[in-house]
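Participant: Residue 1 is where the sequence shown starts when you use the numbering used here, and the numbers rise one by one after that.
No wet-lab data here; the hints were simulated from the structure. Model, not experiment: these values are computed from the prediction. Heads up, some of the hints might be wrong.
Said to hold, decoys possible - FRET-style restraints, in silico, Cβ to Cβ:
#: 1; residue 1: 179; residue 2: 433; range: 45 to 55 Å
#: 2; residue 1: 801; residue 2: 957; range: 26 to 36 Å
#: 3; residue 1: 532; residue 2: 234; range: 33 to 43 Å
#: 4; residue 1: 432; residue 2: 819; range: 52 to 62 Å
#: 5; residue 1: 770; residue 2: 107; range: 47 to 57 Å
#: 6; residue 1: 295; residue 2: 433; range: 50 to 60 Å
#: 7; residue 1: 532; residue 2: 757; range: 50 to 60 Å
#: 8; residue 1: 518; residue 2: 646; range: 36 to 46 Å
#: 9; residue 1: 796; residue 2: 258; range: 31 to 41 Å
#: 10; residue 1: 481; residue 2: 609; range: 48 to 58 Å
#: 11; residue 1: 796; residue 2: 606; range: 48 to 58 Å
#: 12; residue 1: 426; residue 2: 767; range: 47 to 57 Å
#: 13; residue 1: 467; residue 2: 426; range: 19 to 29 Å
Backbone N, C-alpha and C define an ideal beta-carbon position, used for all residues, glycine too.
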Amino acid sequence: MSYAGFNRAWAVWIADLLERRGLRVTQRRWDLPEGVPVADALHDLLATSGQVLLVLSEWYFQLGPRSHAEWNAALREVVAPNADRFAAVSITSTPVPSAAAVLAPADLRDMDAREAERRLLDRLGLPTEPLPDDSGRVRPRFPLEQPEVWGGVPRRNVRFTGREALLTEVRRLFQDTDFGAVALHGMSGVGKTQLAMEYVYRFSSEYDVVWWVPAERRVTYRERLAQLAPALGLVTGQEYGERIRAVRQALHRGEPYGRWLLVADGADEPDLLWDMLPTGPGDVLLTTRNSEWAQHGAALLEVPFYDRRESVAFIRRRAPRLTEAEADQLAEALEDLPLLLDQTAGWLRDSDMSVQEYIALLGGGADQDVVSVSADFPLAFRTAWAILLNRLWETAPESLDLLRLCAFFSPGSIPVRLLKGIPAGERPESLAGLMRDPVLWDRTLERLSQYSVIRLESQGAALYMHRMVHQVVRQDIPWEDAEEFAAAVRRALVAAVPGRPGDPEAWPAYAEIVPHLEYADAMHDIDPAVQKLVVDCLRYLYLSGEYGTGLHLAELAISAWQSLLDPDHPLLWDLGHHYANLLRAVGDYRHSEAVSRAAAERHGAVGGHRDGEYLRAAGSLAADLRALGRYEEAYGLSQEVCDAYEELAGDENHPDVLTARNNLAVSLRLLGDYRRAGDTDRSTLAARRRVLGPHHPWTLFSEIHYATDLRLLGRTGEAVSVQLHSADLHRAELGPDHPQTLRAEHNLALCHYQAGDFTQAESLFFSILVRGERAVGEDDPLSLMFAAAHSCFVREHGDIEQARKMGESVAAHYERMLGPAHPFVAGAHANQALILRAVGAQDEFRALADQAFDDMARAVGPSHPWTLGCALNASSAAAFAGDHEAALAISRDTAPKSRDVLGPRHPLSLSARIALAADLRAWGDRPGADKTEDAALRDLVATRGPDHPGTRAARNRQRPHWDFEPLTT
Numbered sequence: 001m002s003y004a005g006f007n008r009a010w011a012v013w014i015a016d017l018l019e020r021r022g023l024r025v026t027q028r029r030w031d032l033p034e035g036v037p038v039a040d041a042l043h044d045l046l047a048t049s050g051q052v053l054l055v056l057s058e059w060y061f062q063l064g065p066r067s068h069a070e071w072n073a074a075l076r077e078v079v080a081p082n083a084d085r086f087a088a089v090s091i092t093s094t095p096v097p098s099a100a101a102v103l104a105p106a107d108l109r110d111m112d113a114r115e116a117e118r119r120l121l122d123r124l125g126l127p128t129e130p131l132p133d134d135s136g137r138v139r140p141r142f143p144l145e146q147p148e149v150w151g152g153v154p155r156r157n158v159r160f161t162g163r164e165a166l167l168t169e170v171r172r173l174f175q176d177t178d179f180g181a182v183a184l185h186g187m188s189g190v191g192k193t194q195l196a197m198e199y200v201y202r203f204s205s206e207y208d209v210v211w212w213v214p215a216e217r218r219v220t221y222r223e224r225l226a227q228l229a230p231a232l233g234l235v236t237g238q239e240y241g242e243r244i245r246a247v248r249q250a251l252h253r254g255e256p257y258g259r260w261l262l263v264a265d266g267a268d269e270p271d272l273l274w275d276m277l278p279t280g281p282g283d284v285l286l287t288t289r290n291s292e293w294a295q296h297g298a299a300l301l302e303v304p305f306y307d308r309r310e311s312v313a314f315i316r317r318r319a320p321r322l323t324e325a326e327a328d329q330l331a332e333a334l335e336d337l338p339l340l341l342d343q344t345a346g347w348l349r350d351s352d353m354s355v356q357e358y359i360a361l362l363g364g365g366a367d368q369d370v371v372s373v374s375a376d377f378p379l380a381f382r383t384a385w386a387i388l389l390n391r392l393w394e395t396a397p398e399s400l401d402l403l404r405l406c407a408f409f410s411p412g413s414i415p416v417r418l419l420k421g422i423p424a425g426e427r428p429e430s431l432a433g434l435m436r437d438p439v440l441w442d443r444t445l446e447r448l449s450q451y452s453v454i455r456l457e458s459q460g461a462a463l464y465m466h467r468m469v470h471q472v473v474r475q476d477i478p479w480e481d482a483e484e485f486a487a488a489v490r491r492a493l494v495a496a497v498p499g500r501p502g503d504p505e506a507w508p509a510y511a512e513i514v515p516h517l518e519y520a521d522a523m524h525d526i527d528p529a530v531q532k533l534v535v536d537c538l539r540y541l542y543l544s545g546e547y548g549t550g551l552h553l554a555e556l557a558i559s560a561w562q563s564l565l566d567p568d569h570p571l572l573w574d575l576g577h578h579y580a581n582l583l584r585a586v587g588d589y590r591h592s593e594a595v596s597r598a599a600a601e602r603h604g605a606v607g608g609h610r611d612g613e614y615l616r617a618a619g620s621l622a623a624d625l626r627a628l629g630r631y632e633e634a635y636g637l638s639q640e641v642c643d644a645y646e647e648l649a650g651d652e653n654h655p656d657v658l659t660a661r662n663n664l665a666v667s668l669r670l671l672g673d674y675r676r677a678g679d680t681d682r683s684t685l686a687a688r689r690r691v692l693g694p695h696h697p698w699t700l701f702s703e704i705h706y707a708t709d710l711r712l713l714g715r716t717g718e719a720v721s722v723q724l725h726s727a728d729l730h731r732a733e734l735g736p737d738h739p740q741t742l743r744a745e746h747n748l749a750l751c752h753y754q755a756g757d758f759t760q761a762e763s764l765f766f767s768i769l770v771r772g773e774r775a776v777g778e779d780d781p782l783s784l785m786f787a788a789a790h791s792c793f794v795r796e797h798g799d800i801e802q803a804r805k806m807g808e809s810v811a812a813h814y815e816r817m818l819g820p821a822h823p824f825v826a827g828a829h830a831n832q833a834l835i836l837r838a839v840g841a842q843d844e845f846r847a848l849a850d851q852a853f854d855d856m857a858r859a860v861g862p863s864h865p866w867t868l869g870c871a872l873n874a875s876s877a878a879a880f881a882g883d884h885e886a887a888l889a890i891s892r893d894t895a896p897k898s899r900d901v902l903g904p905r906h907p908l909s910l911s912a913r914i915a916l917a918a919d920l921r922a923w924g925d926r927p928g929a930d931k932t933e934d935a936a937l938r939d940l941v942a943t944r945g946p947d948h949p950g951t952r953a954a955r956n957r958q959r960p961h962w963d964f965e966p967l968t969t
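Please build the complete structure, drawing on both the sequences and the hints.
Facilitator: Spelled out as structure tokens, the structure:
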């Protein structure tokens, strides 16, 4: 079978059909080397045994390129005498050489797969009855059918030329190596995107999913990747992070599709994207100018300039009026750069200028009085561009002005709705007529597309501007014109604002706007509407989890606004508030604390400590202090904010008051004052139920907090009751994978675990961990909280090795994020120590348990419940090592402290009393041990019941331990 490379999908489908019917098929890509007559190449096909099947298309006859006259002569000379050896199918509607009639080709166009199969078999004289279904076998798809999931792929470039070796190598790397990603690497303009597009179309029949993602910017990549979730049939919430993780998990598992291809186009920043690339049974194809992808496991494939043969063939296909010699001269002058060849040949096709005249212009320099190109570019490049832009100016000046307007959007994809969204009264005068006239608009876009200056996408809903074109056009626009175009783009962006940034349904529109802010110089605009747009975009980026892009935008805005605005301008401080939120979201608590503290000090000095702006800043500062483990400071600030809001509002049910009381309870809980936290949360919950209603998210959040307080107070039965009801409401109101729902189920799992219901706890712990990592990522504080609890559970009831790995990961994350002195690090070490105890590592257990005890005492004080829990483990480590004197000393200190801090019947107090009894017995004080043990057992039976696992363990004299539980900050 002989076929043009452009039609590979047809060849693969035909070969599969014939091989299923017992034939052996050799596929041979049709190529006509320079100087080889068509007749000789056809003779070579006869050298093989069996029939020769030609797959006829426009491409088959154009390769070379060769004239119809030469083809007619060759067909008469070779095929006519050997008609019994040749057969053909036709997949083209364009005119073919007249002598092709001797092949009697079967027409396979515009029909379904079954009819095409019947016609093919009939032409070859084979039985046409259907074969038995072999649905278990993966077969190539019929070329006229798209993959099951197909999205974002640009329209095929029918002028694509050459690159056969590169296409073959991409396929080989995917099939024959362990590389999960192939990076097409090269400078701008060499045709990386075109090569990726051609790979998609040639090999699409072998994929079930093909998804094309613009990757120039992380925010756009995330938006497009998130859109794959519903296309795959995945049930998720609206949050991008949740959708992206669901997509990556589905692709990794190969469910529901194992044959998938993801194309990340323009992936020039590996450090921003590599963590979001999927892995699994499918393929990832990247286009990039950055060779650092090799450090992330991608196979680099260099995309060079065209070789001369490819350049000549491409020019002649693009501009058929040129001879082979002229094409060679032009390729030489333009140094074989594909993008420049495309644009120049496209222009020459419609121009009366001869190649010699054009080359003379290149050599002598174009008249650049009207349009110039920066000397930063190579001479041939800038001269060729100057020629093209000046001709546009002469023949269609509105085309050049539209290009200049596009240069103040981001390079890459530009939605047409943004271009045409400039308010009528604020459009540049030179473009007003173009934007009013739909016929002129369409003609202008078509002209620019023909010259390959832009590429139309999404059925004309967007246009794509190559970054090199963007740079060339923008570089030398006169200042006064540049300001007019930039201002118009900013007005378009303001007009496109979709609504509140807190509404997830508005996020796709915000994702379209954000990339253009920097290029439109929005940060230097003092128009309040533009400044509000910047702040709204920061809010969207924070809420959607796009923290890195948000930080970049915030830092640009801070730099600009500090030079434009008075230091005390409210907008500058509002910007700081959003900046602190983003810093806190990425775990940069020290930096966010500095920003929040500066804001609080400034607002306090200007408006006093009852000023609303001060209270907002002080609340943010308290959140930073809680995250940093400075709980006493956070509590003092939380109390101040709460008192101030109560005084200002004059209404204890005011939403600001309820929020402040909620945050005060968080500070109290972290201080270990569970009683006051519970009282505060109970009253806040009751008020929110009255004011907001029982189903409001804040009301539900208060239920989680109150149930947590009950559990930490040891009132397990009440906690289970409250949290069980609350978890049901969360699932119904917010959905099963919402982060707040996961918090509710996490606390429910801990309630079941504390109640001794290990079966219920186990299923919840595992489910929450998986869904949490999908919803917010494995490095998020919420996922670390889930992982810490799951590690403790599997240590006692599952796989000790899994517990070890998870515990080490949690500790490492906390140390990296929070620093070694943070109480969460001490608590994670306490949990790790218990794993060492479980595997019998006596010395290591004691060393780490003692370190955790000392570090926790320094971090939160000697009487904090966390310190008392670490003390319980340290006494166990000493007893385990045979140092009964040290164990008894710790237990004699811990038991009364636990009673005083938490009450005599609190679970930790009871554990401390059981441990003390064990240490007294080991020291030889049997009467004291028996008395202490009997009293503790009576209280255990009274509070937890005779059959609770903790009661049975104490009765069997199993030494108790304490698990650290990270709390919400």
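Participant: Does each hint hold? Answer for all of them.
Facilitator: So, going through the hints one by one against the coordinates:
1. 179 <-> 433: 45 to 55 Å: Holds, since residue 179 and residue 433 (Cβ atoms, about 52 Å apart) stay within the stated range.
2. 801 <-> 957: 26 to 36 Å: Once the Cβ atoms are compared, 28 Å apart, the range 26 to 36 Å for residue 957 and residue 801 holds.
3. 532 <-> 234: 33 to 43 Å: Cβ of residue 532 to Cβ of residue 234: about 35 Å, so the range 33 to 43 Å holds.
4. 432 <-> 819: 52 to 62 Å: 59 Å, holds
5. 770 <-> 107: 47 to 57 Å: 53 Å, holds
6. 295 <-> 433: 50 to 60 Å: 51 Å, holds
7. 532 <-> 757: 50 to 60 Å: Between residue 532 and residue 757, where Cβ atoms are some 51 Å apart, the hint holds.
8. 518 <-> 646: 36 to 46 Å: Because 43 Å falls inside the window, the suggested range holds.
9. 796 <-> 258: 31 to 41 Å: About 37 Å separates the Cβ atoms of residue 796 and residue 258, which means 31 to 41 Å holds.
10. 481 <-> 609: 48 to 58 Å: Between residue 481 and residue 609, where Cβ atoms are some 51 Å apart, the hint holds.
11. 796 <-> 606: 48 to 58 Å: 55 Å, holds
12. 426 <-> 767: 47 to 57 Å: With Cβ atoms ~53 Å apart, the hint holds.
13. 467 <-> 426: 19 to 29 Å: 27 Å, holds
When the structure is compared with the earlier hints, no violation turns up for any of them.
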